[in-house]
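A.B. asks: Given the structure of chain A, go ahead and fit chains B, C and D onto it with the hints provided.
Residue numbers (this note's numbering), protein chains in the order written: chain A, 975 to 1121; chain B, 975 to 1121; chain C, 975 to 1121; chain D, 975 to 1121.
Keep in mind that the hints were calculated from the coordinates and are not lab data.
Heads up, a few of these hints could be off.
[Unchecked claim] Here are the computed lysine to aspartate or glutamate pairs in the DMTMM-like style, where the Cα-Cα straight-line distance is at most 25 Å:
#1 Lys1109(B) <-> Glu1061(D)
#2 Lys1109(C) <-> Asp1026(C)
#3 Lys1018(B) <-> Asp1030(B)
#4 Lys1109(A) <-> Asp1051(C)
#5 Lys1018(C) <-> Asp1051(A)
#6 Lys1018(D) <-> Asp1052(B)
#7 Lys1109(B) <-> Asp1052(B)
#8 Lys1109(A) <-> Asp1026(A)
#9 Lys1109(C) <-> Asp1051(A)
#10 Lys1018(B) <-> Asp1026(D)
#11 Lys1109(C) <-> Asp1030(C)
#12 Lys1018(C) <-> Glu1053(A)
#13 Lys1109(D) <-> Asp1051(B)
#14 Lys1018(D) <-> Glu1053(B)
#15 Lys1018(D) <-> Asp1051(B)
#16 Lys1018(A) <-> Asp1051(C)
#17 Lys1109(B) <-> Asp1026(D)
#18 Lys1018(A) <-> Asp1052(C)
#19 Lys1018(C) <-> Asp1052(A)
#20 Lys1109(D) <-> Asp1051(D)
#21 Lys1018(B) <-> Asp1051(D)
#22 Lys1018(A) <-> Asp1030(C)
Everything numeric in this text was worked out from a predicted model, so none of it was measured.
4 protein chains.
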Amino acid sequence: MPFRMPPQSETRIRVRYAETDQMGVVYYANYLVWMEAGRVDLCKALGFNYRDMELDDGVFLAVAEASCRYRFPARFDDEVVVRTWVEQANTRMAIIAYEIRLAGTPEQPGRTLATGQTRHVFVSRDFQRVRLPEKYRAMFGVAETRS
Amino acid sequence: MPFRMPPQSETRIRVRYAETDQMGVVYYANYLVWMEAGRVDLCKALGFNYRDMELDDGVFLAVAEASCRYRFPARFDDEVVVRTWVEQANTRMAIIAYEIRLAGTPEQPGRTLATGQTRHVFVSRDFQRVRLPEKYRAMFGVAETRS
Amino acid sequence: MPFRMPPQSETRIRVRYAETDQMGVVYYANYLVWMEAGRVDLCKALGFNYRDMELDDGVFLAVAEASCRYRFPARFDDEVVVRTWVEQANTRMAIIAYEIRLAGTPEQPGRTLATGQTRHVFVSRDFQRVRLPEKYRAMFGVAETRS
Amino acid sequence: MPFRMPPQSETRIRVRYAETDQMGVVYYANYLVWMEAGRVDLCKALGFNYRDMELDDGVFLAVAEASCRYRFPARFDDEVVVRTWVEQANTRMAIIAYEIRLAGTPEQPGRTLATGQTRHVFVSRDFQRVRLPEKYRAMFGVAETRS
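Next up, chain A with everything else stripped away, as it sits in the complex:
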C-alpha cells in the first residue's frame, strides 16, 4: 500500500492595516483569525466545506483550546502563508496544527512567524457534544472502528 501524505492546506493572506497595532506589527489575537482561515481551507482540502457541515449536518467544530507561539512579527502588507493539518482526531474531537510563515520563493522559504494548535470538540448547534458523522471520518483520518 503506497504511503499517502496526510492532507494539508496552504492559505495565503495579505496582512491588513486593521490587523496591525501601535507597535507596528500584527496584533497577537489576529493569528487565531488566520488559523481559522487555515482551518476552513483545510476542510476544503479534506473534501468538504465547513459551511455545509454546519448547515447540512448541524455539526460544529467548537474550540476547546488554542495556543500560539510567536516567533517573528508580521507586518502590514506582508504576504503570509498558513499551513494547516490534522494533528490528531477521533470521533469526539480533533487537534489542528498550524505553521504561519512569510511567503517565500521556491528556492527560499519564508521565515516562520508563528506556530500553533487548536483543539476542537464536535458539537450540535446547542453545544451538545456529538460524534463526527461517518461521512467525515475518513477525511479526518478517523478509523471507522468504534472509538
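C.D. replies: What follows is chains B, C and D alone, placed relative to chain A:
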C-alpha cells in the same frame, strides 16, 4: 405639558491596544463598533434590552447605512464617551446618532473625536422587513397612530 | 487622444468566520476593513505601494470621513469582490469609492452587497496636513498645476 | 513579616455584538483581546500605566506565547470579569495568567468561561530584547538581585 428631554445614553469605553493600528491611533472601523456599544446602551436607556428584542420578539435592527466623521484621533488607553440618541424613527426604521468624545471633567468636556449616524430597518431573523412591535414604539418616540 | 479608463482595482476576499456576528451575517464594521484592503490594492493599481508611501515619504492617508450603504448581507465563506477607484482628488485630499459585490461569473455578475466612500486627507506621521508629493499626483489624477 | 497577597486586577467587560460570531457566541480570538484588557488593568494595579512604560521607557511587553482553554461560551451582552495576575517574572520575561468568568453576585460567583496564559519578553521599540528597568521590578515581583 412639560418638555421631556429625549432619552440618550452615555457609554464609557477604554481604548484597547487591539483597537489601535500602526499609525498609533484607533483604526477607523472600530468607531462603528463603539457606536454599536452606544446603541445597546441606548436601548437600555429607552427601557429594554436589545438582546431581548432579538430573542423574545425576533426583531433585529439591521444596519442599512452608516457614516462617521473623524475629527481627532483616539489613542490607546484613552477613555472615550459615546453619546447616543434616536435622531428619527417610525415603525419601519430608525436613525441613531452618535457623538464620540474624550472623557473630560465636569468643568471641561473632552474633545470631540467623531460624530456619526446609522440608519436601521427592523427585520425578522430571516431578514424580512417588519414593523416595530407596538410595545417598543413609545420608547423609540414613534407615535401610536398608523404609519 | 485616446480615452483612458480611470484606474480601478478589484480585491477578492473570502469571508471569515470571525467577520460574522450572531445574526449569521458579516458584522457591519468589517465592510470598512474590506474597503481598506481595496484601498491598498488601488494604490498598487495606481503604481505604488501604500506601505512605501508611509515608510519612504512619511505621507499617510488619514480617514476624515467614511460611509457605507448596506444592500444585501454577506455570509461566511462567500467570496466578495471590492472594486475601488479614486472618486476625486487634489493635493490636499482624496475621495475613494467602493463597490462590494458577491463574486459572480463572467456571464452573471454577483449581487451588490454594499457601496461606500471614504474621504482622506494627506498627513505627516504627526498628523499635520501635508500636500501630496509630486511623484504621486499623476497617479491620483491630480493636475500638476497649483492647487 | 506579614503575608502580602500578590496583586491582581479585575476587569469588567460587556460583550459586544461585534465579538459574537454566527454560532451565537463570542469568537475565540476575542478572549485574547480581553486578556490584553486585563493586562493593562493589571499594570495599573501594580502601580504604573502600560502606556507610559512604552512612551517614557521605550519598553514593550511583546507576546511570545499565548494559550487559552475555553470552558463555557460567552454571549452577547453578558458581563464578564477578567481576573489577571503575574504568574512568574524575571528581568527578561513575564508570564501573565487570566481567569475569565461571568459576573456573578457576592453570594454566587459567575461561571468560569475560560482560563489562559500569555508569556512576554521585554523588548525595545525595534524588538531587541531588553531587561525590565529597575523601577518596575518590584511591581512585577522580580527580586532586585542580578538575574
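A.B. asks: Each hint: holds or not?
C.D. replies: Checked hints:
1. About 51 Å separates the Cα atoms of Lys1109(B) and Glu1061(D), which puts this hinted pair outside 25 Å; it is violated.
2. Note on Lys1109(C) and Asp1026(C): the hinted pairing holds, with a Cα-Cα distance of about 13 Å set against a maximum of 25 Å.
3. Straight-line distance between C-alpha atoms of Lys1018(B) and Asp1030(B) comes to about 15 Å, which keeps the hinted pair within the 25 Å bound.
4. This hinted pair checks out: Lys1109(A) and Asp1051(C) have alpha carbons roughly 21 Å apart, not beyond 25 Å.
5. A distance of roughly 11 Å separates the Cα atoms of Lys1018(C) and Asp1051(A); the hinted pair therefore holds under the 25 Å criterion.
6. With a CA separation close to 14 Å, the supplied pair Lys1018(D) and Asp1052(B) stays within the 25 Å bound.
7. Restraint check: the Cα-Cα separation between Lys1109(B) and Asp1052(B) comes to about 38 Å, which exceeds 25 Å; the hinted pair is violated.
8. Pair hint Lys1109(A) plus Asp1026(A) holds up; C-alpha atoms about 13 Å apart against a cutoff of 25 Å.
9. Between Lys1109(C) and Asp1051(A) the alpha-carbon distance is near 21 Å, which keeps this suggested pair within the 25 Å criterion.
10. Between Lys1018(B) and Asp1026(D) the CA atoms are separated by roughly 35 Å; this puts the pair beyond 25 Å, and the hint is violated.
11. Of the supplied pair hints, the one linking Lys1109(C) and Asp1030(C) holds, its CA atoms being roughly 12 Å apart against a limit of 25 Å.
12. Using a Cα cut-off of 25 Å, the hinted pair Lys1018(C) and Glu1053(A) holds, with the two alpha carbons roughly 14 Å apart.
13. A C-alpha spacing of about 21 Å is found between Lys1109(D) and Asp1051(B), which places the hinted pair at or below 25 Å, so the restraint holds.
14. A distance of roughly 14 Å separates the Cα atoms of Lys1018(D) and Glu1053(B); the hinted pair therefore holds under the 25 Å criterion.
15. Restraint check: the Cα-Cα separation between Lys1018(D) and Asp1051(B) comes to about 11 Å, which is no more than 25 Å; the hinted pair holds.
16. For the suggested pair Lys1018(A) and Asp1051(C), the alpha carbons sit about 11 Å apart, so the restraint of at most 25 Å is met.
17. Taking the CA atoms of Lys1109(B) and Asp1026(D), the gap is near 49 Å; set against the 25 Å cutoff, the hint is violated.
18. Straight-line distance between C-alpha atoms of Lys1018(A) and Asp1052(C) comes to about 14 Å, which keeps the hinted pair within the 25 Å bound.
19. For the proposed pair Lys1018(C) and Asp1052(A), the alpha carbon gap of about 14 Å is at most 25 Å, so the pair holds.
20. At most 25 Å may separate the alpha-carbon atoms for a hinted pair to count; Lys1109(D) and Asp1051(D) exceed this at roughly 39 Å.
21. Restraint check for Lys1018(B) and Asp1051(D): satisfied, since their Cα atoms lie roughly 11 Å apart, inside the 25 Å limit.
22. Of the pairs offered as hints, the one joining Lys1018(A) and Asp1030(C) is violated, with about 40 Å between alpha carbons and a cut-off of 25 Å exceeded.
This entry does not satisfy hints 1, 7, 10, 17, 20 and 22, going by the numbered hints stated previously.
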